[in-house]
Amino acid sequence: MIRLKVNGVERSFNGDPGMPLLWYLRDILGLTGTKYGCGMALCGACTVHRDGKAIRACVTRMGALAGSNITTIEHLSAAGLHPVQKAWMEHNVPQCGYCQSGQIMQAVALLNTTPHPNDQQIEEAMSGNICRCGTYNRIRAAIKAAAGERA
Amino acid sequence: MSDILNLSRRGFLKGMVTTGALVLSVRFLPSGLLAEPAPYAGTHADHSTLHSGVYVGIDTDGTVYIVAHRSEMGTGIRTSLPMVLADELDADWKRVKIEQAIGDARYGSQETDGSQSIREFYDAMREAGATARLMLTRAAARQWNVPESECRADLHTIVHASPIRRLSYGELTMAAAKLPVPDKKELQFKPPSAWRYVGKGMVSYDLSQLVTGQAVYGMDAHMDNMVYASVEHPPVLGGTIKSYDDKAALQIPGVRQTIPIDTFKPPHEYQALGGVAVIADNTWAAFQGRKKLNITWNNGPHAVFNSDDFKKEMQATARKPGKAVRNEGDVDAGFAKGGKVLEADYYVPLLAHASMEPPVAVADFRDGKLTAWAPTQDPQATQDAVSKALGIAKENVICHVTLLGGAFGRKSMPDYIVEASLLSKKVGRPVKVVWTREDDIKFDYFHAVAAMYMKAAVDDKGMPTAWLQRSVFTPIPSTFDASATYGGDDEMGMGFTDIPFDIPNLRVENGPAVAHVRIGWLRSVANVYHAFAVQSFMDELAHNAGRDPVEYLLALLGRQRVLDLKATKYPNYNADYQKFPIDTARLRKVVEVVAEKSGWRKRRLAKGRGLGIAVHRSFVTYVASVVEVEVTPQGEVHIPRVDTALDAGLVVNPEITRAQFQGANVFATSLALMGEITAKNGAIEQSNFNDYPVARINEAPRENNIYIVESAAPPAGVGEPGVPPFAPALCNAIFAATGKRIRELPLSKASLKA
Numbered sequence: 525m526i527r528l529k530v531n532g533v534e535r536s537f538n539g540d541p542g543m544p545l546l547w548y549l550r551d552i553l554g555l556t557g558t559k560y561g562c563g564m565a566l567c568g569a570c571t572v573h574r575d576g577k578a579i580r581a582c583v584t585r586m587g588a589l590a591g592s593n594i595t596t597i598e599h600l601s602a603a604g605l606h607p608v609q610k611a612w613m614e615h616n617v618p619q620c621g622y623c624q625s626g627q628i629m630q631a632v633a634l635l636n637t638t639p640h641p642n643d644q645q646i647e648e649a650m651s652g653n654i655c656r657c658g659t660y661n662r663i664r665a666a667i668k669a670a671a672g673e674r675a
Numbered sequence: 236m237s238d239i240l241n242l243s244r245r246g247f248l249k250g251m252v253t254t255g256a257l258v259l260s261v262r263f264l265p266s267g268l269l270a271e272p273a274p275y276a277g278t279h280a281d282h283s284t285l286h287s288g289v290y291v292g293i294d295t296d297g298t299v300y301i302v303a304h305r306s307e308m309g310t311g312i313r314t315s316l317p318m319v320l321a322d323e324l325d326a327d328w329k330r331v332k333i334e335q336a337i338g339d340a341r342y343g344s345q346e347t348d349g350s351q352s353i354r355e356f357y358d359a360m361r362e363a364g365a366t367a368r369l370m371l372t373r374a375a376a377r378q379w380n381v382p383e384s385e386c387r388a389d390l391h392t393i394v395h396a397s398p399i400r401r402l403s404y405g406e407l408t409m410a411a412a413k414l415p416v417p418d419k420k421e422l423q424f425k426p427p428s429a430w431r432y433v434g435k436g437m438v439s440y441d442l443s444q445l446v447t448g449q450a451v452y453g454m455d456a457h458m459d460n461m462v463y464a465s466v467e468h469p470p471v472l473g474g475t476i477k478s479y480d481d482k483a484a485l486q487i488p489g490v491r492q493t494i495p496i497d498t499f500k501p502p503h504e505y506q507a508l509g510g511v512a513v514i515a516d517n518t519w520a521a522f523q524g525r526k527k528l529n530i531t532w533n534n535g536p537h538a539v540f541n542s543d544d545f546k547k548e549m550q551a552t553a554r555k556p557g558k559a560v561r562n563e564g565d566v567d568a569g570f571a572k573g574g575k576v577l578e579a580d581y582y583v584p585l586l587a588h589a590s591m592e593p594p595v596a597v598a599d600f601r602d603g604k605l606t607a608w609a610p611t612q613d614p615q616a617t618q619d620a621v622s623k624a625l626g627i628a629k630e631n632v633i634c635h636v637t638l639l640g641g642a643f644g645r646k647s648m649p650d651y652i653v654e655a656s657l658l659s660k661k662v663g664r665p666v667k668v669v670w671t672r673e674d675d676i677k678f679d680y681f682h683a684v685a686a687m688y689m690k691a692a693v694d695d696k697g698m699p700t701a702w703l704q705r706s707v708f709t710p711i712p713s714t715f716d717a718s719a720t721y722g723g724d725d726e727m728g729m730g731f732t733d734i735p736f737d738i739p740n741l742r743v744e745n746g747p748a749v750a751h752v753r754i755g756w757l758r759s760v761a762n763v764y765h766a767f768a769v770q771s772f773m774d775e776l777a778h779n780a781g782r783d784p785v786e787y788l789l790a791l792l793g794r795q796r797v798l799d800l801k802a803t804k805y806p807n808y809n810a811d812y813q814k815f816p817i818d819t820a821r822l823r824k825v826v827e828v829v830a831e832k833s834g835w836r837k838r839r840l841a842k843g844r845g846l847g848i849a850v851h852r853s854f855v856t857y858v859a860s861v862v863e864v865e866v867t868p869q870g871e872v873h874i875p876r877v878d879t880a881l882d883a884g885l886v887v888n889p890e891i892t893r894a895q896f897q898g899a900n901v902f903a904t905s906l907a908l909m910g911e912i913t914a915k916n917g918a919i920e921q922s923n924f925n926d927y928p929v930a931r932i933n934e935a936p937r938e939n940n941i942y943i944v945e946s947a948a949p950p951a952g953v954g955e956p957g958v959p960p961f962a963p964a965l966c967n968a969i970f971a972a973t974g975k976r977i978r979e980l981p982l983s984k985a986s987l988k989a
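So the sequence lines, in the order shown, correspond to chains A and B. If you want this note's numbering, it's the 1-based position in the first sequence plus 524. If you want this note's numbering, it's the 1-based position in the second sequence plus 235.
Derived by calculation from the structure, the hints in this document are not laboratory data.
DSSO-like cross-link-like pairs, simulated, lysine-lysine; straight-line CA separation at most 30 Å: (1) K610/A <-> K577/A; (2) K527/B <-> K482/B; (3) K668/A <-> K832/B; (4) K668/A <-> K435/B; (5) K329/B <-> K610/A; (6) K690/B <-> K988/B; (7) K804/B <-> K814/B; (8) K610/A <-> K435/B; (9) K332/B <-> K610/A.
With the rest of the complex left out, here is chain A (with noise of 0.2 Å):
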């Protein structure tokens, strides 16, 4: 039996401890903000929080988890848009939209230890999360704008 809490809630588990935090959190818990992108780490599609930082969901095993703290895009901000949704919306940033909940997970783990990022620390910090549509530009000035900066 495995302890955690997800989004505020104590959850217990029973299943494979080999099962990823991804698909207990998606076919489980049903909670499908957080996207299936490659299974690899290599995408960051899955982005989520673990006590505060950034996690490839896809490759943690839930084995790994006990006595965790997970946050997901669903509960970025309990009240309200998350001041980097906001310059999400503001930058119009998203395309299709579906790498960008770990694209905003892996910004705000970015921005709660480097509250003001410059090119290389954003570049870093974001080079692990895909974006297919490109929307590469939107997302360093998205960040910049929720750092409080002029992009």
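Add chain B to chain A, keeping to what the hints say.
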């Protein structure tokens, strides 16, 4: 047709008097996971009090329901087409609700590809909006007992000028619904000066859902009692199961059963590939079970496919005479005259779409009907393919369209929905088929591999007097006819037969190639390799002539003219050539604009940097790009900046259009720098983003500037046309920076070390 629809609307209206509220309340979908309202009972628009046509309905509370019949894959079409209708209706956008159509021929084509949604349906949306507006205006005029000409629409109301009075759209619906639907000839359209939304644009209707994880993609579709499936496909196209052992797979907790799927009978079209499906309680268990399957395959005839050998064969074919598809003057006589001759061979490999959401579908077969929820670019083609596979009538296939997590052409081919449908029928309950990334990369309908041969004789000023170009590629027609080896007129017409240079002796040829994998449409299709060859060769000729590439390019485009292609089979993207001709003035214009905006003549560049230009018309849109490249002494390629100028006629949604062209430059970065699919003994060698990389934020162009040229022309395409000029502009920039000529993509194979 309008009359028939109006009658059915009246049928609804009668029912509404007693049960209206009830009908509406059960039709609302919960946000988040999809629930299945079965059986399908039409759109809100159908059930609205005023239902003047298939695309729109207005309720007594003033809510305007607009049907998006094209698929949303990130191009914003779900916003932009309804916006055209809302504008012509003079509706308040805040009171518009957009609903997604199921596959249904009553909407016209729903094939969301070819960058043609706005071009094809701009007029239809305006007519639908104007029709409803006229009915509301008429209803108001009757109520006030004044001439119609004294009434006009004003943001969700009809106003009478004197005495001033107003009725809201909601208040007018009941009366308007009793009127006959007016004839098209009666419609009056708003002048551009009165447009509220067209040309100004709107953000995506789904924007807040997209940033909060609430948007529902195919991957998120859900039906009660659903099971999950993952399919082990034959590694070689057309391969069959010799034997398989599922004992170990069935030991995996959560795995319920395995089901063999028959391999298609050629041509493969949109049929399921075949293989063995693992059915499980969740996606993970299905994936795990699959790994434990022990399958022996018969590989079949396509096991001969090896990319290295195939490339040599294609390049040899490109050097042999082919089938002429365009002929101007006398090319052979032109070459016989002597003078300097330049030749070059270009090559572009197979490419995979790799949309972020892999193919996925939920299907439920019951009572002789199939209901699917899927990310598809073409729900009507889905109906056809599923009805054929299940042996049921097309009307019994109900295809709901979710949001698409990217598509780029892949999701025009609904084989994965057929797969889910076959499995649901066998399992007897709803089945969700989830393709892994590996399935997506290995079993794509690939972008064709192509070899081009270019040859030109030039005069003493370096201008061509004779020009021969030959293209050899695995043709898309092979997907529908197993024996097809030559390209279709449409493929040849994508940047090859329509070469716009002013050359007296010109011949365009196509050579044969046998496809050993499934070939399909990928964003901008054959334009990718044709523009690469033509625009790279242009740059080679410019340098041979010792001229500035922009000057030389303008000289090649020559005098202002509309290309006469009457003697050539040229489909022009299914657009009327009179309305959408190839006009060299528009090509020149985008070249001039991008040269100016990029600072082509003025920009000072550091050592190791260079600028390159390319221009290309595709999907009846004109685009020129200037790329700045930096090549480090170690041979690494960086792209500090790209400038793109476009003439797409009337641009309905400028901000979304800019985003499409920015995205196209990034998509093209991937194929130029790193995209390559190869096969060994018929099986694809790549599998995921580690060996089929795509551009990341640090690899994409740092600055990505888009300029929309004002144009009086009718609206053209914006989803794809940004892609073709990028790769040649980049490679031309690399030549400017290093003196090294790139004739083969991707660049990762080239040695650019100083």
